[in-house]
Structure formats: C-alpha cells, structure tokens
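Residue numbers (my numbering), protein chains in the order written: chain X, 1 to 359; chain W, 1001 to 1359.
Careful, some of the hints might be misleading.
As the list claims (entries may be wrong) - Once the Cα atoms are required to be at most 25 Å apart in a straight line, the calculated SDA-like pairs of lysine to any residue come out as:
| hint | chain 1 | residue 1 | chain 2 | residue 2 |
| --- | --- | --- | --- | --- |
| 1 | W | Lys-1130 | X | Val-9 |
| 2 | X | Lys-225 | W | Thr-1205 |
| 3 | X | Lys-4 | W | Thr-1205 |
| 4 | X | Lys-29 | W | Asn-1165 |
| 5 | X | Lys-73 | X | Gly-125 |
By construction, these hints were calculated from the structure, which means they are not laboratory data.
Protein chains: 2
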Amino acid sequence: MSYKNFPMVPRVIFGRGSFNQLSEIISPKRLNVNAPFIFLVDDVFKGNAWLTSRIPLAYDDKVIYISAKEEPKTSQVDSLVEDIILTSRQGTSGIIGIGGGTLLDLAKAVAIMLTNEGEAKDYQGWDLVKNPAIYHVGIPTISGTGAEVSRTTVLTGPEMKLGINSDFTPFDQVILDPELTKGVPKNQWFYTGMDCYIHCIESLTGSYLNSFSQSYGDISLQLCKEIFLGDMSETEAQDKLMMASWHGGMSIAYSQVGVAHAMSYGLSYLLGIKHGIGNCIVFDHLEEFYPEGVALFKTMKKKHHIELPKGICANLDYSEFDVMINISLSLEPLWENALGKNWKKTITREKLKHLYQKM
Amino acid sequence: MSYKNFPMVPRVIFGRGSFNQLSEIISPKRLNVNAPFIFLVDDVFKGNAWLTSRIPLAYDDKVIYISAKEEPKTSQVDSLVEDIILTSRQGTSGIIGIGGGTLLDLAKAVAIMLTNEGEAKDYQGWDLVKNPAIYHVGIPTISGTGAEVSRTTVLTGPEMKLGINSDFTPFDQVILDPELTKGVPKNQWFYTGMDCYIHCIESLTGSYLNSFSQSYGDISLQLCKEIFLGDMSETEAQDKLMMASWHGGMSIAYSQVGVAHAMSYGLSYLLGIKHGIGNCIVFDHLEEFYPEGVALFKTMKKKHHIELPKGICANLDYSEFDVMINISLSLEPLWENALGKNWKKTITREKLKHLYQKM
C-alpha cells in the first residue's frame, strides 16, 4: 500500500484585516521590476474602493477583473496565459487570485500554465503537471469551496469538467481575512457554505476515509452545524465559515467527494450551473445515499429560507441526459469513494437519468 | 494590527506503514553522493530491526542514536553539528529525526545550525534565525508534543530553556505513521498524550486565541477526550492520538501555551524533569487557573492508573526555587496568554514558590 504524500499550503495568515499585509508578503517575491504581479480579481469588486484601493500595485503590476458568473474554463485559462506572456516579457513574479472558487481555481491554473507547455485541457486529470507553477497566492472572498487549500483546480474543458490535480497546484501563500466575505449575498453565502458541508458529508461517509481526513472533516462539519443551525454574531460566523472551508478542503486529502459532486459536474458541464448551487440541487435528492446529511441539509435550507430552483432538467432531451450521465460516470474515484469498489452495481445509466429527472 | 504569516509543514504523509515510503521521499532531495543524509534516531530503537532495517541508508548516510532520557540541550546541538560538518565535507543532504519531541527538536535545531553561524544558544528566542535550514524530515514515534508541526524547537541552554522560534524551524516533510508508536510504554504514552491535552486547554482558554487556532484546538481536545476517556481499539487510538498531536501543535499558531508550560520549564531546567511528565506534575495543581481542564485531567489519570511523582521540590533550597521562578517568569508571552496583560498582579514570586512547594 502506498500513501499520498500530501502537499500543504506552506504559508497561511489568518485575521480580520490581514489583507492589508499583502504588500509586505509579496514584495520579497518580486523577481525584478519588469516582472509584474498579476492580480485576478472577481469583477464584483470593480469600483469597490474598500477592497481595490488596498491591492498593492507597483511597477508593471496589473489587475485583471474576471466575472465569476460562469464556471472557469480551460480556454479561459489559455487566453489569460497568452495575454500575460505577451505583456510580461521579463517573466511574471506571481499570480494573486482574489475571489471565490472560480477566481482561485483560475489563479492556480494560470500559475501552472505559465510554466508548462501546451493547453490547460492537456493537464486535466491526476499528476500530469511536469514543472512547478510560478508563485501564486490565494485570497478567498467567499467561504466554502476549499479551493484555497486543495491540490486541484476544477476546469470545464472541451471534453470534460475535471480538475488539474497535482502537487504543484496548491497556493504558495493563502491569506484568510474573514472581513473580505462581508458583502456576499445571502443565497450565494448559503450555496457556497453548503459546498463545504457537502464535502464533509461525502468525505466522512466515503470508503477512502482515514483518521487524517476524518479529523479535518469532523471539525469542518461541526463548524458548519454551528454556523448554519446555531446562533452567533455575523463576524463570528464569517470567521468560522472561513475555517470550515479550510478544514473541509483538507479533509479531501485522503478522501474524495462523492455522489453530489459526481452528479453536479454533469449539471455544470451541460447547463453551466455554478458549482455551489448545483451541489445543493443534487444533494437535495440524495436521501438514499446520505440519509442523515440530507435531512440536516433540508433543516438548514428551511432555517435560511432558501428556495432551490426546480425543474431544471424538465426540458432536456435524450442526448442531453446522455452528456450529463457520461460526465458523471467518468468520475470513477468519486463513485468508488461513495459506494465502494462495486459501485457499478448500484449506479446505472437509468438510475442516474431517473435522479436527474427529479431535479 | 499585524498577524503572523504562519509557516506550515509543506508535505505530510499519513498512514500505517507510510514509513516504508521514506526512501522514495528523500531520494530526490540528495544533493550529491558525497552529501549524506543524517538520521537522528531515539536510542530505544537501537537493535530494533523492525524499525532500523527500514531506514534507507545509501552512500555515506549515517545513523546517530541519541538518548531521549534528558531534554535536548543547546550544547548537544552544537556538538552534533560539529560532528556532522567534520564528516560531511561536501555538505549534508538532510536531517531526518526519528523519535519523540526530543529527537524531533534536535533534528530541527541541527538543520538550522548547519546553515547559521555561532552557537544554538544565540538563536533561542523569536525570529533570530537568518538563513533557511537544510532539508529536514520529522518522523514521530510517540504522539503528543506537536513538535512535528510547530515552528519551535525547545532547547535547554546555559541560561534558559527556550525555543528557537522561527519560520525556518518547521520540517520540510513529516511522515505520520501511527504504527511506529506501538511500542511506547504506558506511562510515557500518557505523559506525552497529556502534553497535547494540556496544550489544548492552555490554547483554548488563552487570551491570544482566534478562530484559526480555536478550530485546531477544538478538534485536538475532542480527540484527546475520545482517546483517554472513551473506548476504542489500540490501532484507532494510535491513529487518533497522532492526529490530536498534529492539530494540537497547529492550535498554537495564533495562540500560546500557558501556566503549566511556564512552570514546567522551571522544573525541567533545574531538575532535568522531562517535558511530558513535568507538565503533568504541574497541571495537577492548577485548578485555580484551569478548573474544568484539571478536573478532566484527574479523571483521565485515574482511568489509566497513573501515579505522578510527589515531593519533587521537597528538598530544594531558597536559591533553587529562585532559579525555577526566574525561568518561569521569563516566559512572558505564556503568562500573558494565560492571564492577560495584567498577569503580574496575579503571579508573584511568592505565589510561584507556593505552587512549586506543593509539587
């Protein structure tokens, strides 16, 4: 038996207002005055001086605003990399991602593709990256995805939605400043928080679990329960959800996600449904696989008055179901983690179609 | 306000038998065939082929067996460094520490002193180390100290017992193989496990605490309760105590230890009492500061039939108490964490003497 030698984020700073330390953190990493830092920033912050005025720009540093309305794409990574190479002739000092899972995943993928030949789609899978990425920093502004700590960057490619899983993917530095999450709209807060909750349920009930992953999953799940079912101040909830996301991401180290993620990847690929809400839509129908987890999810949904979209698969035709089912079934490690080595006995194409039809 | 940018161990592997992967992990780190890896190994393993036959020696690699009967000393670090430099004329590829807190702290200190001038005692304190350490790997064989994940290495010097706290202190790689802890004697298992439990109590009740450190402390404390008060298989207890130690060490990131550690440093310095048992002896008398924590400690002690030594300070004279009190009072961050900025109002020399006299 061989165990994974897991890469952890080597530097982390936590605290309300720690974003102000970005300049002192990245300055020593500047290669030369002609090698800029590139800041990839969620475009919801465009014009929001409270945040943008604190981005420490110097020399040729550049901010690129990116919409997180759609899931990140391999083609988007390729075109960002091309732009950056063209405008930074003496190299790039680093990539700093500021935003949610979409921006963080783009930052990780761009940092990898700046030092690896070919196209981003060539690296979707496990351990295909050859060269270390350039210095990259992750600064989450919404909590739940675990993208700030994971060794993957999930991208939609021409053929599949799949992560670039590699030892070079994790950030070199993460800044956890819970204050940055204060403007997140309620629905998005819930969907993204539930991404973390669902991670935990899938990880903790999975067959891959060991004591390492369990300990991270347990604390993350406990925090999710306190945040979404308990009673605490807004700032405390922001602090704790940021930690829940962090530990939830770590809990995947020796585990995997499961049925909800496998199915929601299909929804994202075909219908462009964002990851957080997609997971919620799917998880709501998975009592059969996660009875306790789904019951608690419904309680949380009710407490926070969340109405999930319905009938999103109502008008799909036969071939469209096929596309979703193909994407979903291709994620074998997720199914194996959820249901064991004989998962194919339980999960048939008909079964998946039946589940999708309810959504 | 400025927050600490915390260095985390960048690589960790967890699993029963993961020690077998040591060779594949360190091989790529060899600088050249004349630059050996030096293995610092607890001498309880001398002649224990189950472990030693799996130490992957090649070229000029060397095993140095070290007794952990005494706390590690700065002079011991200096003499190890001198020996290693004399016998490794083309540099050293790395230091691998295999053992408990003593061996892990020695490995960290030696790795630092191989690239920093002067003597180890010059670096006791906070952030005095100038140059990155050489590659160093930590492999705990007993769980509880948190030395495998911390940014300190606690050494007894000519003038004080104090850690080399620096960003270069943490291991580059940690191997968490719970199977390596199977031969630990019962008493030592308890004392070292209680080091972790006491960390958690001191961290969680301290004034420095934030949500980052709290989340690690909570899971570690929860695991300690399950292990020392619950009922589980021996292998599960080994796995979980290794994780409790890991998270307990992390919980100090934005926190500190407290009264028990401040006072047990005095006992260690004067009487050479080992850290784990020293903490237990002190903590047993700290109801005043940690009422719930001490009550639970007494329950654990009873459940595991542990008898602590008594009267260890009975025959000390005035000047000896003074030495212990001086050492203890010098650890200001620990007292401030435990009792707040005005700790000097509560903690007088008389008060400390009175407490020591009970031990």
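Hints, verified against the model:
| no. | hint | verdict |
| --- | --- | --- |
| 1 | W:Lys-1130 - X:Val-9 | holds (22 Å) |
| 2 | X:Lys-225 - W:Thr-1205 | holds (22 Å) |
| 3 | X:Lys-4 - W:Thr-1205 | violated (35 Å) |
| 4 | X:Lys-29 - W:Asn-1165 | holds (23 Å) |
| 5 | X:Lys-73 - X:Gly-125 | holds (15 Å) |
Checked against the numbered hints listed earlier, the structure breaks hint 3 alone; every other hint is satisfied.
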